[in-house]
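Participant: Now for the letters of each chain:
2 protein chains.
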Amino acid sequence: MIYGVIMAGGAGTRLWPASRQEKPKQFLPLTGQHSMIRQTADRINPLTGDERIMVITSEHHTEQTLKNIPYLRPEMVIGEPMARNTAPCIALAAARLHAADPDAVMIVLPADHHIEKKEAFLEILRTAVEEAREHHTLVTIGIQPTHPETGYGYIQAKDASHQTGNTLPVERFVEKPNLARAEEFLRSGEYMWNSGMFVWRASSILQAMEEHMPDLFTLTLGVRGAQLTRPDLLAFFEGAPAVSIDVGVMERASNVKVIPADIGWSDVGSWKAVYDLSVKDAEGNAENIASEGAGASGSATNATFIGAMNNLVMTETGKRVVLIGVEDLCVVETEDAVLVLHRDQAQRVKEAVQK
Amino acid sequence: MIYGVIMAGGAGTRLWPASRQEKPKQFLPLTGQHSMIRQTADRINPLTGDERIMVITSEHHTEQTLKNIPYLRPEMVIGEPMARNTAPCIALAAARLHAADPDAVMIVLPADHHIEKKEAFLEILRTAVEEAREHHTLVTIGIQPTHPETGYGYIQAKDASHQTGNTLPVERFVEKPNLARAEEFLRSGEYMWNSGMFVWRASSILQAMEEHMPDLFTLTLGVRGAQLTRPDLLAFFEGAPAVSIDVGVMERASNVKVIPADIGWSDVGSWKAVYDLSVKDAEGNAENIASEGAGASGSATNATFIGAMNNLVMTETGKRVVLIGVEDLCVVETEDAVLVLHRDQAQRVKEAVQK
Numbered sequence: 001m002i003y004g005v006i007m008a009g010g011a012g013t014r015l016w017p018a019s020r021q022e023k024p025k026q027f028l029p030l031t032g033q034h035s036m037i038r039q040t041a042d043r044i045n046p047l048t049g050d051e052r053i054m055v056i057t058s059e060h061h062t063e064q065t066l067k068n069i070p071y072l073r074p075e076m077v078i079g080e081p082m083a084r085n086t087a088p089c090i091a092l093a094a095a096r097l098h099a100a101d102p103d104a105v106m107i108v109l110p111a112d113h114h115i116e117k118k119e120a121f122l123e124i125l126r127t128a129v130e131e132a133r134e135h136h137t138l139v140t141i142g143i144q145p146t147h148p149e150t151g152y153g154y155i156q157a158k159d160a161s162h163q164t165g166n167t168l169p170v171e172r173f174v175e176k177p178n179l180a181r182a183e184e185f186l187r188s189g190e191y192m193w194n195s196g197m198f199v200w201r202a203s204s205i206l207q208a209m210e211e212h213m214p215d216l217f218t219l220t221l222g223v224r225g226a227q228l229t230r231p232d233l234l235a236f237f238e239g240a241p242a243v244s245i246d247v248g249v250m251e252r253a254s255n256v257k258v259i260p261a262d263i264g265w266s267d268v269g270s271w272k273a274v275y276d277l278s279v280k281d282a283e284g285n286a287e288n289i290a291s292e293g294a295g296a297s298g299s300a301t302n303a304t305f306i307g308a309m310n311n312l313v314m315t316e317t318g319k320r321v322v323l324i325g326v327e328d329l330c331v332v333e334t335e336d337a338v339l340v341l342h343r344d345q346a347q348r349v350k351e352a353v354q355k
Numbered sequence: 001m002i003y004g005v006i007m008a009g010g011a012g013t014r015l016w017p018a019s020r021q022e023k024p025k026q027f028l029p030l031t032g033q034h035s036m037i038r039q040t041a042d043r044i045n046p047l048t049g050d051e052r053i054m055v056i057t058s059e060h061h062t063e064q065t066l067k068n069i070p071y072l073r074p075e076m077v078i079g080e081p082m083a084r085n086t087a088p089c090i091a092l093a094a095a096r097l098h099a100a101d102p103d104a105v106m107i108v109l110p111a112d113h114h115i116e117k118k119e120a121f122l123e124i125l126r127t128a129v130e131e132a133r134e135h136h137t138l139v140t141i142g143i144q145p146t147h148p149e150t151g152y153g154y155i156q157a158k159d160a161s162h163q164t165g166n167t168l169p170v171e172r173f174v175e176k177p178n179l180a181r182a183e184e185f186l187r188s189g190e191y192m193w194n195s196g197m198f199v200w201r202a203s204s205i206l207q208a209m210e211e212h213m214p215d216l217f218t219l220t221l222g223v224r225g226a227q228l229t230r231p232d233l234l235a236f237f238e239g240a241p242a243v244s245i246d247v248g249v250m251e252r253a254s255n256v257k258v259i260p261a262d263i264g265w266s267d268v269g270s271w272k273a274v275y276d277l278s279v280k281d282a283e284g285n286a287e288n289i290a291s292e293g294a295g296a297s298g299s300a301t302n303a304t305f306i307g308a309m310n311n312l313v314m315t316e317t318g319k320r321v322v323l324i325g326v327e328d329l330c331v332v333e334t335e336d337a338v339l340v341l342h343r344d345q346a347q348r349v350k351e352a353v354q355k
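In the order they appear, the protein sequences are chains R and V.
Residue numbers are given in our numbering: position 242 of the first sequence equals residue 242, and the series is strictly consecutive.
Residue numbers are given in our numbering: position 80 of the second sequence equals residue 80, and the series is strictly consecutive.
Extracted from the complex, chain R is given alone in its bound form (with noise of 0.2 Å):
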């Protein structure tokens, strides 16, 4: 059978002041009427069926989730008690679906991510699940790059052919970038964005673990079980590394394969990526409110735009907020804090949260 496995540890202080810890951008409803998270179970539901979904977060956001995704089994919510990056996560969900089912294929997906092309993102997903299933390979999903990002990790493919849906051998994993090698990589065309998203079958994963981290092989014998109880899980993460799936194991095993995906992925990382994906109006103006039920497409509009052309507009209140001249900008208020930002310089909004 074919489980979602969906990640949804991120803290995301890109955000900022919309996404706060207690309030990760997964739960935000950024690109539509609902939180990212509850698209992202939707998107991949029609190759799982409800009923195998699993949601791995942090213990602070059971609740949540299963308010976010009313279809979600409870026992397929997994509460970390701490954060420990992929690889711990994934083989935790991998141990227990893999006792359940030995025949068990896992969409591994990150929770806040968006793509456009639903139904070409499920084509791929077919593809790579069947190619995990019959090859018994760790199928990852590579973007063509349209930047020299340096903000993603790459794949170069032993193939230059990157054609959507083809299933190319790896050459190699390579780690956030700076920007002359960012650069290179688009230049090269050799290279694709790992985008984060993997296929592969439990078993598969599992015996990659085995080989490339035993300590943490080993952990998983304790979660496995049926009942899994708060004590487990502390065991198990405090005894696991805080690594991510690709330096442990996409960058040591032999048997991974990347398909290249034309699916208009983003990674939603910055205001910037919020407003090119919000609908806009004439004047490129966009609204969006920052509650469940109220997104994009909603109709709530607390905006007024006045001689303002292309700016996004994010209320968490209900104020009424009015751009008068101005451009380009990203204004986002919520019940603590204002954030008026220039688009081309969302990446310091960082240094705002520093401070």
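These are computed hints drawn from the structure, not numbers from a lab.
Just so you know, even glycine gets a beta-carbon here, dropped at the ideal spot from N, CA and C.
Be a bit skeptical, because a hint or two may be false.
Unchecked claim - Which stretches of chain V does chain R cover? Using the computed rule of at least three CB atoms under 8 Å from a CB of chain R, they are:
| id | segment |
| --- | --- |
| 1 | 304-312 |
| 2 | 341-348 |
Said to hold, decoys possible - Partner residues aside, some chain V positions facing chain R, computed with beta carbon under 7 Å:
| id | residue |
| --- | --- |
| 3 | Gly-325 |
| 4 | Val-326 |
| 5 | Asp-336 |
| 6 | Ala-352 |
| 7 | Lys-355 |
Chain V: place on chain R using the hints.
Facilitator: Using the frame of chain R, we list chain V on its own:
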């Protein structure tokens, strides 16, 4: 004796959202720690003392006025049951002051102007008082125009020697001109801005009213007694025409003088003006708190500027306001609204209020 008469009837839509019907501009600390009305009273206090300052304001704002200027005598604060422009307000003040002190000289001042050079202003007033007292003239304070402003009335002097402190005969008063005429006025060197500040004997202005606004003069007979009830006020204002003192008297009277005044005057008529008058940091950013006692020179800091220059932030709620990568903005945050304004478009704030 010398009396201050502060006209505080303004509603002020140009400084929305800080300025509202319930809390108009004169009660905001836009240019210092104290409200504008308090600063206006303090400014003339050296000439009048605490006891001889009268404030005429909306009847909804009499308490707020007394709270703002603790040294006012309560019987010197008069609440208008309705707004009727400046002529009735001045007639009322003149009638009452004249009844109590036939030699009263009135300094009439709008409550919401800023004057940078306080000593020079007092010097001008002393000259004006002497002129008014000796020659029974109606003295108006003229401001040397620095740009072709279309928002003010103009005063043409008969004599072009506009040196500050001179007392010049007036050729005529001109209402707010269009841009072409304003430019002509500026070029000619013969025109000054009508600041709306006047000095005269109470007897002189009453005499001019008897001549030019006889109905209004007659109405004053009902409000000059020591006791002033709301029915008295209602009868007076309901009967009075809504006419400005310029149109009703100044344009018609022959005994009018103007004193050119170089006093750093501003009517603080827009957010641009508030920015211009604010204390700025090295990057040209200013912060202003919209509550008495924590104004421009106060110590409260709710704003953070990152790569941002020449902006004004005003917060009423104490929320953190972060500006990143933006220039020349005014950001005003109140209990129910957020304004993000390019300073060059400050005159468009009225459109927001209409919407």
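Participant: Apply the coverage criterion to the segment 304-312 of chain V and chain R: a residue qualifies when its Cβ sits closer than 8 Å to a Cβ of the chain, and three qualifying residues are needed.
Facilitator: holds (count 3)
Participant: Is the interface hint satisfied for V:Lys-355? The criterion is a beta-carbon contact with chain R at less than 7 Å.
Facilitator: Given a least distance of 6 Å, the restraint on V:Lys-355 holds.
Participant: Is the interface hint satisfied for V:Ala-352? The criterion is a beta-carbon contact with chain R at less than 7 Å.
Facilitator: holds (4 Å)
Participant: Count residues of the segment 341-348 of chain V with a Cβ under 8 Å from any Cβ of chain R, then say if the count reaches three.
Facilitator: Since three or more residues must qualify, the claim that chain R covers the segment 341-348 of chain V holds, with 5 doing so at under 8 Å.
Participant: Take the shortest C-beta to C-beta distance between V:Val-326 and chain R; is it under 7 Å?
Facilitator: holds (5 Å)
Participant: Using 7 Å as the Cβ threshold, decide whether V:Gly-325 counts as touching chain R.
Facilitator: The hint holds - V:Gly-325 has a Cβ within 7 Å of chain R, the shortest such distance being about 3 Å.
Participant: Given V:Asp-336 was flagged as interface, is its beta-carbon under 7 Å from a beta-carbon of chain R?
Facilitator: Nearest chain R Cβ about 6 Å off; hint holds.
When the structure is compared with the earlier hints, no violation turns up for any of them.
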